[in-house]
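Protein chains in written order, with the working numbering: chain C, 1 to 567; chain X, 1 to 311.
No lab work stands behind these hints: they were computed from the structure.
All figures in this text were calculated on a predicted structure; none of them were measured in a lab.
Using N, Cα and C, we set each Cβ at its ideal position, and we do this for glycine too.
The reader is advised that the hints may include incorrect statements.
Calculated cross-link-like contacts (lysine-lysine; reagent style DSS-like; alpha-carbon spacing at most 30 Å) [said to hold, decoys possible]:
| id | chain 1 | residue 1 | chain 2 | residue 2 |
| --- | --- | --- | --- | --- |
| 1 | C | LYS216 | X | LYS47 |
| 2 | C | LYS245 | X | LYS39 |
| 3 | C | LYS375 | C | LYS415 |
| 4 | X | LYS39 | C | LYS375 |
| 5 | C | LYS245 | C | LYS268 |
| 6 | C | LYS375 | C | LYS94 |
| 7 | C | LYS440 | X | LYS61 |
| 8 | C | LYS433 | X | LYS39 |
| 9 | C | LYS425 | C | LYS355 |
| 10 | C | LYS415 | X | LYS39 |
| 11 | C | LYS355 | X | LYS39 |
| 12 | C | LYS334 | X | LYS39 |
| 13 | C | LYS307 | C | LYS355 |
| 14 | C | LYS94 | X | LYS39 |
| 15 | C | LYS440 | X | LYS39 |
One-sided excerpt, in silico: chain X residues whose CB lies under 10 Å from chain C [what the hints assert, rightly or not]:
| id | residue |
| --- | --- |
| 16 | PHE35 |
| 17 | LYS39 |
| 18 | VAL45 |
| 19 | LEU49 |
| 20 | SER78 |
| 21 | LYS80 |
| 22 | TYR81 |
| 23 | THR85 |
| 24 | GLU88 |
| 25 | LEU89 |
| 26 | ALA96 |
| 27 | ASP168 |
| 28 | PRO256 |
| 29 | GLY257 |
| 30 | PHE267 |
Label pairs and their computed distance ranges (CB to CB) [what the hints assert, rightly or not]:
| id | chain 1 | residue 1 | chain 2 | residue 2 | range |
| --- | --- | --- | --- | --- | --- |
| 31 | X | SER21 | C | LEU435 | 23 to 33 Å |
| 32 | C | GLU230 | X | LEU16 | 30 to 40 Å |
| 33 | C | ASP219 | X | GLY167 | 34 to 44 Å |
| 34 | C | TYR229 | X | PRO237 | 31 to 41 Å |
| 35 | C | GLY457 | X | SER65 | 30 to 40 Å |
| 36 | C | ASN267 | X | LEU152 | 32 to 42 Å |
| 37 | C | ARG99 | X | LEU16 | 54 to 64 Å |
| 38 | C | ALA49 | X | LEU152 | 18 to 28 Å |
| 39 | X | LYS47 | C | SER263 | 36 to 46 Å |
| 40 | X | LEU152 | C | SER263 | 41 to 51 Å |
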Amino acid sequence: MSYSSAPKITKANSADYSFLRANSVKAVATLLLLTVLSSCGGGENNVSAGNRSGILHWGNGTEPQSLDPHIATGVPEHKIIVALMEGLVLKDSKTLEPRPGVATSWDISEDGRVYTFYLRENARWSNGDPHNAHDYVWSWWRALQPALGNLYAYMYFPIANAKEYYEGEITDFEEVGVKALDDHTLRVTLNNPTPYFLQLLDHYSLFPVHRATIEKFGDADQRGTRWTYEGNLVGNGAFQLSEWKINRRVVVERNPHYWDAGSVKLNKIIFYPIENAVTVERMFRAGQLHYSGTVPADKIAAYMERKDPALHIAPYLGVYFYRINTRVPQLQDKRVRRALGMTIDRDKISQRILKGGQIPAYTITPPGTMGYYPKSDLAFNPEAARRLLAEAGYPNGEGFPATEILYNTSEGHRKIAVAIQQMWKKHLNIDVKLLNQEWKVYLNSITGLDYEIGRAGWIGDYVDPNNFLDMFLCNGGNNRTGWCNPEYDQLILKAAPEAKTHTERLEIFNRAETMLLDDMPVIPVYIYTSNNLVNPSVKNFNDNILNQPSFKEMYLKADQADSGAKN
Amino acid sequence: MWRFALNRLLQAVPVLIIVISATFMLVHSAPGGPFSADKAVPPEVIKALEAQYNLDQPLWKQYISYLGDVVQGDFGPSFKYSGRTVNELIAAGIPATAELALYAMMVALIIGVSAGVAAAMRPNTMRDYVPMSAAMLGICMPSFLLGPLLVLIFGIYLEWLPVSGWGDMPGDKIMPSITLGTGYAAYIARLSRGSMLEVLSQDYIRTARAKGLSEPVIIFKHAMRGGLIPVVAFLGPAFAGLLGGSFVVETIFQIPGLGRFYVQAAFNRDYTMILGMTIFFAALIILFNLLSDMLAIWLDPKLRQQARGNN
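Pulled out of the complex, with its shape left as it was, chain X reads as follows (with noise of 0.2 Å):
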């Protein structure tokens, strides 16, 4: 299991160095620069500015001393908010946004398997078709319906949970965790109905049956142990996407996530900014894939024998 990661981890090097120079190149391509504005801004003050971001240097030369810095955990300067690095401002975004990344996966969760696990016990009966079409409405609803229509509810007409903040008074965490993690619950209802299906038909479970174990024991033991492997292997991508696409729902909600760093970044250029994200961000996706893949290795004794063939 562990040279497993290590193998994964080694292969990450060549997918970040190319994640960094692709977006490198994008970004030094876009039209506009970090301090074009509406107003003019003076030959000298251009040049000034470049010279301090080091943009004044040939672009090479520039990506060398980048990814110089980057090898050593340094995003450099952010170019919008002076005086601030990417560094710090990542930090300050992640406890947020990871706590909402959290709650909205535990909303999931629960939400998702236990309806999916519902269902697959009474398959093609309202029981099944009830939380079923409200999954395919929960995927197709995007959170930006959502979000509003939650908060004009609760927040607005009920008064019963504050419409907007994180932390700042109790409850305003129950609405934006709902609003970005439905679509996920509904994902993940329909995963564990099918995987449950088809493992309460294998052989095992019959057995399990015909032993007389008692049904807690066999849905909760033998057949959700097999049944969410899929769940599991979805949970790493997933987690990843919430971290990482809680833009929309951080905005409608004011949350003082990384979100809106990200998305802010990229229309102000900000060039270290953008280029820090997208390395974080792509770095959480490979460790949370790698997390994902080693529990399921862990859940499933076939996968696991064919690691150990592997390695």
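For reference, chain C alone in the conformation it holds in the complex (with noise of 0.2 Å):
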């Protein structure tokens, strides 16, 4: 840089430059002054003001990359949603029992198969059109055309036909198994009888659209039009879209065409699109949010040490496990694989690495889930894990070929991975390398089986063994291990489905779940908690298992003048 180079001005030739001096300091210090007074104005936060005013101001994760039922695929777009539209079913939000939605009423023939709707008379869409058993047909028509690129077009698939029809099979609507029997009754017909079909109702993959909106800006199959945008959007839900604003805000304020418009408390929510964990929490500490979706896995500790009512922790219907790429030489032989699962001490793991409360996987199926509690013989047990590799021909870990852990960049993951390296280094003495990936090219790899051993995390979509136990059929998109059971296939795809009782289908589920975790082409590591941030003032916040919430049940209350001002 130049100035050292450049010649000193002496004192001699430096003249007086006092004027400057105090004139700058004096017009700095008045400027600062403004600017601090004129910032701290206003001096009350969000929450309160929302308190006041019925806003609930919600932290979102990430900006909506569609608020299209059909399209959308992600948490953040799944909240919004929910707040818009509804299904005909709803759950209670504290137990996922089915709720009426649009819906008032059903009927299931005792063969399980057909269910027949009776829709409330007084549904609306939220500009004032009335809402009908029509509106279902179509719209399901519409989530099954295979152009519009529906990601969730497998929750239709328990319906008659309807997967035949989305594959081309059939071609005629008609033949798929639903029905308007007239404006308000709706029959569906399913190939065979889904316990949890009713659950289905109430994801937004299944909500109904409004179709003279949707015609109006483009074709019924074409992606990315513009319905969903703010002053076009057109929903059945308790809230209606008032305010999309990228990157900035996503407001909704009270439907009032909706059927149960009276029982809404709230009078909007303002969805915010914040990425970063950290910025979220600060926001929520400085009263800005009164909920938050995320909370930095390091807070969490402070957060449980200080009882902080805001912090709420609940069990949440996922798995963290690792895939074990069965094609790999090395990891052929199910004695290699068993060896491994049984020396992750998953205590420790739970307890010392994530500190979140999260509960050690023993099984795929989170325990619990619709009454399923799956037997398991996986336990942690080094020596007899030694046994098995000994048998294998690793007596030791002699021998064993080093292998890799494939995860998506994230220290979360890396600290889980370090800590499973050496435990597996310290118990079977093999040697584990890490690798991380950035997400797209570890999708990538884990897809194309090109790994060996891979982390992995499955949220369930409904609450059912099905929706975890499906994920390792011979050719289930999902299963990436290389793994098949013609067996394990018959018996998810065939006699669970058949099974007379509820009881009966459990059964059949824990055998099919025993053979996965005998052969263990994938390791289970923990349950999953949801990690939510709530101001105490938010009322009727329940906490489920699909971490679901229920604004039309929420409402505003502060207990003191004051909270929501500091957590």
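Hints given; two lone chains; assemble the complex.
Have a look at this one:
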């Protein structure tokens, strides 16, 4: 830089600069003071103001990719869509039992295959249009158009002929098991008795959409039209879209045409797309948000320690596991895979690394899913594991080729992988390397079976063991382990749907799960928990295993004058 | 001057074509596509999506049709944000990012120039060492450290300023502007100190003093005009850098700007978005460099002469 070689100005030729000093100091001081004064005018934070005016400020992860229920896939989208739209059936926010939504009641035929829904006569779209059974037939037809690119089309597959229609085997939608018997009666015929079918109806992929609005902005099966934009979107939910500012906020306000508008208490919900966990927690702490769905892992301990009522930790219907590529030579022997599974000290991972109340997992299906408590003989047992490894030809780990754990780049995944690497070294004396890849590269490697051991996670779409176990069917798109057992497929695809009773069905699942765990193409590690920060002024926020909020039940009431200012 | 500008703009065309081609090849060669997801995507869906976004065409055809669209000012639809066009997303992000860059630049200039000039007036004294050491610290301090630090002090403890947001609450623009501007302020301080020292030792300043001109006139009218040319030359790239480099600050303070889209687009393999943003930033950098060169020419008679001679 040139200043170092610049000639010095001596005292003699430097004149009096005091004018500058005095004036500039004054000017800067005044400016600073003005800025600070002008900035602290407001005083009241979002939470206190929101509590008075019935406006819920909700930290919502990322900018929604779409608000079209037949296109969207993410959790942030889900939260907004359930405020704007509603299915035939709702879920109880505590027990997740089915509750009347647009349908006031329903009959189920004796063989469990035919559902008849009786729709409310006072159901309306948010623009006042009548909302009836034909809307469902049309919406479900739309959702099954391949051109639309609906990633959740499989949610329709329990319906008779839906899969065949979607895959082009039949072309007449009349053959699909959904009929409007009259304006307010909808009959749905299923392939098999499907005990979780009512639950699916509360998933946004089965929500109805407003035909006239969609057709106004493009073809029914056209992606990315403007029908979901601010000012265009017409829904049937408790709230209606009033503002969508990209990367800033999505605002929904009470829908006066909603059939149950009288019981909705919030006036408005403002969803903020905040990706950064540290930022969102800070905003929550400063009273800018009532809710944050993420808590930075290293802050959980502090909240727990001071027993902060804002921290909600609840079991979440999801499992963190490791996939094993069963085509890798040293991992083809199930005794090796079992040995790996038996030497992960899950309690240690949960207590020392995760620290958020996560439950050690010994099964792929979270225990308690629809009353399903799978028996598992998987346990932390290094001695037995060493014996298995020796039987497989690697006594004391000798000769075991260096194997790689692949995970997508994230500090949390790295910590767990390091711990498991050490456990396997300690208990089995085998060398494991760690490899992290950026998300999309990692997905490519996992789907292409270009990995040896890979970290994975699965969050249930509905509460039923089927949602976890059908992942590992021979040609299941989410299998990604190369493992295939026709007997397993037969249990899941044939025996379970034909089960006469709930108990019998669960027993069949248990047999399948035992088979899966015995072969161990996947190693369960822990059951997720949902970690939410909820301001105590938010009432009727109920924790449930789907981490699904019910905005129509929530209301705001500050317990103390200044609650929300500090948490 | 105008011929100079026109010349430079013409030179920008091949530069932009190279940028577009290189980026196009790079994004298409990155592993993982825009539609790969955690949950398996059925082949029918992939096919439908690829057809919709023209990805089923051979790469060269995609390239030609993309170039054609870009020439017409259409960056295409975003792959990730269904229903949004890249133009629309960029337009949505510009106001916040540009405003942030502008304020950051003001912070950088006010702090940087006054510290630099003050230091140059008393070189090798405490009044030089203190701001210059602070400047060194400012250059070294990354915004992901300074931002949260400011938030902790002024947002959480003192509760003077909102911890995040942009235009939602009074005062929420102060901390992001300071965070983003500080690094540049430090650089400008060192830059202006160096060139001011050089200018203050020039003959014409001595002449001015000998003529008995007052000190403010010497500093503000004569010395600063020449002394700030390097700063002006730095403004163009700096402003472009502020626009493109605000990702961290935008994330810390939850600002609805362009930076977040840029980084997210790369993670999402949102091809059109990555391309659109790259072209947009490349064009901005070219434009700001041109503007700052023109400003420098206007300020510096020597350069003015050169520019005239060249054309």
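Which numbered hints fail:
none
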